[in-house]
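In order, the protein sequence lines correspond to chains W and U.
The opening residue of the first sequence carries number 88 in our numbering; numbering runs sequentially from there.
The opening residue of the second sequence carries number 329 in our numbering; numbering runs sequentially from there.
It is worth saying that the hints were derived from the structure and are not from the lab.
Please read all numbers here as calculations on a predicted model, not as lab measurements.
Hints should not be assumed to be uniformly reliable.
Said to hold, decoys possible - If you only want the chain W side, here are some residues facing chain U, beta carbon under 8 angstroms, derived:
1. Leu100
2. Val102
3. Val105
4. Pro106
5. Lys107
6. Val108
7. Gly154
8. Val157
9. Ala162
10. Asp164
11. Ser169
12. Val250
Unchecked claim - Pairs of lysine to any residue residues, derived as SDA-like cross-links and limited to a Cα-Cα distance of at most 25 angstroms, are as follows:
13. U:Lys547 x W:Asp172
14. U:Lys431 x U:Asp488
15. U:Lys560 x W:Thr112
16. W:Lys107 x W:Leu117
17. U:Lys547 x W:Leu117
18. U:Lys547 x W:Val143
19. U:Lys560 x W:Ser158
20. U:Lys547 x W:Ser158
21. W:Lys208 x W:Thr195
22. U:Lys560 x W:Ser189
23. U:Lys337 x U:Thr370
Each residue gets a CB set at the ideal place from its N, CA and C atoms; glycine is no exception.
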Amino acid sequence: MALPTRLSQNLTLEVSDVPKVTQVTRAGQLVRAPNLDNENVAGLIDRLVPPPRTAVPRVVSQSVPAGALVSRGTAVDLVLVSPVDVTFEVFGKVHPALVTKSVASVLTAMPAPVTAIVNAKPDPATLTAAERDSVATFLNTQHVATAGGTAENAFESVYGRLVDIQVFK
Amino acid sequence: MQLNPFIAKLVNPGEPLTAQAWNDLVNAIDDTHKFLLATTHTLTVTITNTNLDPATVRVTASRSDAPPIEAVRPIGGDAVHTLSELEVGTYTIRASAPGFQDKTTTVTVGDTPLAPLSLALDVAQPIMPDLFGAPLTDALTALATLGATVSRVLDFSGNDVPPASPPAEAVQAPVLVQHPPPGVPITGGVGLVVAIAPKVESAIEMPSLAGLTEVEARKAIEQAGLVVGRVKVMSGTEVDR
C-alpha cells in the first residue's frame, strides 16, 4: 500500500531547561509539599474505609432560590453541611421528637424495608396497613409517637419528613 | 367660426321695434353663443401608466401667444386630466411627473370637438416599491433589481444592519419603514428599518439543590447553564474553595 505524499515541515520546539512546577497558595501562603512515606500512607489507607454517604456534606443553602428565573451563566453560591449536622429543624415545623435529631442519625437507623417503603411510596395515603405498621414501628424506636395532636405530630407529617431526608442518604 | 358683422342700432322711446330688428338681435345672440361653443374646447388627457399615481402628474397646454393652461387633476380615482377653455389654436400638451420623463404632444384645437388623448410617461429614475412587511432579503433583491443603492438599514432598536451582508437574524426580518416612500422616485440612497426581535435570553428556572452533594450540585448547576460560585462547607469550621 502506497503512503500518501506529505510535504515536509520544519518544526521548532523550544523546551525550557527547568521543568515547570505548579505552585499552590492558600490564604496567600505558598503551600509546600510535605514529605510523605508512601508505605505508611498505603498502610493508613488500608486501615480506613470510605466515609459513609451520610457524612458527605450536602447543599442546604443556595444563593439563588429554587424556582427563581435567572439568566444563563448566573453564578450560584452554595453552602454545604454534613447530614450529621443537619437536624430536622431545617424542615420547619416537625415532630418535637425529631427537631434536634440529625437526618444522618435517622437515616442510619432506618431499616432497609422501611427505606424501601419510603422511597417507593412518597404519599402516605398509598401505604398498606402492613407498610404503615412497619414505618410506625421504626418511628417508635426513634421515640416518635404519632398518636395525633398537632399537625406536625400526625403520621402523615412525620412520614413526609422521612421522605424528605432520603435526599441526604 | 367667424362672427358676422353686428350693427348696433339704438332706438329712441316711442320708436317702433320692427321684426327685422328683433330678428337681427336674436341672430346675433345665437351667433355669439355658437362662437363661444366653437372656440372654447375641452381636452381630456388619460395617463396610462400603471406604475404612477396619476394625481402626481401635471398636464399643461401651452402655446406661444397665450398663457399656459393647467389641467384639472383626476377626480374620483380615474386617471383623466381635464384641460378646459381651450381656444382655437395649436397647443403643446405636456405631461410631467417626478421620476418620469416629460411627455409632449401637439394638439390643434379647431371647430370640431377634440378626441380624448392618452399619454404614457417613460421612467427616468427607479420608483420606490412598496416594501412594507417584505423580508429584508426580498427587499434588498427588489431594490438591487431596480438599480437602487441601499445606503442604510437599521433595526428596530436603531442599530445599523450592514446592507451588503445582513446577519442571519435580519435576513427574514420584515421591513417596517422605508425611505423614500412607495411610488416616489429613488433619487439617492434608500433607507430601510427592519424589525429584528431583540435577543432575549431564555430564563432558566433555578433547580433545588437541597440535599445534593457538591459533585451532584455542580453537575446540576452546569447542566442548567449556570455557574458554580462560592462553595462553603460548614461544620464548625469554614472552608472557602
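Hints versus structure:
1. Leu100: violated (35 angstroms)
2. Val102: Given a least distance of 34 angstroms, the restraint on Val102 of chain W is violated.
3. Val105: Interface hint status for Val105 of chain W: violated (30 angstroms vs cutoff 8 angstroms).
4. Pro106: violated (28 angstroms)
5. Lys107: violated (24 angstroms)
6. Val108: violated (23 angstroms)
7. Gly154: Result: holds, 6 angstroms to nearest chain U Cβ.
8. Val157: holds (5 angstroms)
9. Ala162: Hint holds; Ala162 of chain W Cβ to chain U Cβ min 4 angstroms, cut 8 angstroms.
10. Asp164: holds (4 angstroms)
11. Ser169: holds (5 angstroms)
12. Val250: violated (12 angstroms)
13. U:Lys547 x W:Asp172: Roughly 24 angstroms between the alpha carbons, so the hint for Lys547 of chain U and Asp172 of chain W holds.
14. U:Lys431 x U:Asp488: Violated: Lys431 of chain U and Asp488 of chain U sit about 41 angstroms apart, past 25 angstroms.
15. U:Lys560 x W:Thr112: holds (18 angstroms)
16. W:Lys107 x W:Leu117: holds (16 angstroms)
17. U:Lys547 x W:Leu117: At roughly 30 angstroms apart (the allowed maximum being 25 angstroms), Leu117 of chain W and Lys547 of chain U break the hint.
18. U:Lys547 x W:Val143: Holds, at roughly 16 angstroms.
19. U:Lys560 x W:Ser158: Since the Cα atoms of Lys560 of chain U and Ser158 of chain W sit roughly 23 angstroms apart, the hinted pair holds (cutoff 25 angstroms).
20. U:Lys547 x W:Ser158: Holds, at about 18 angstroms.
21. W:Lys208 x W:Thr195: Holds. Lys208 of chain W to Thr195 of chain W sits at ~19 angstroms (cutoff 25 angstroms).
22. U:Lys560 x W:Ser189: Holds, because 20 angstroms separates the two Cα atoms, which is no more than 25 angstroms.
23. U:Lys337 x U:Thr370: violated (35 angstroms)
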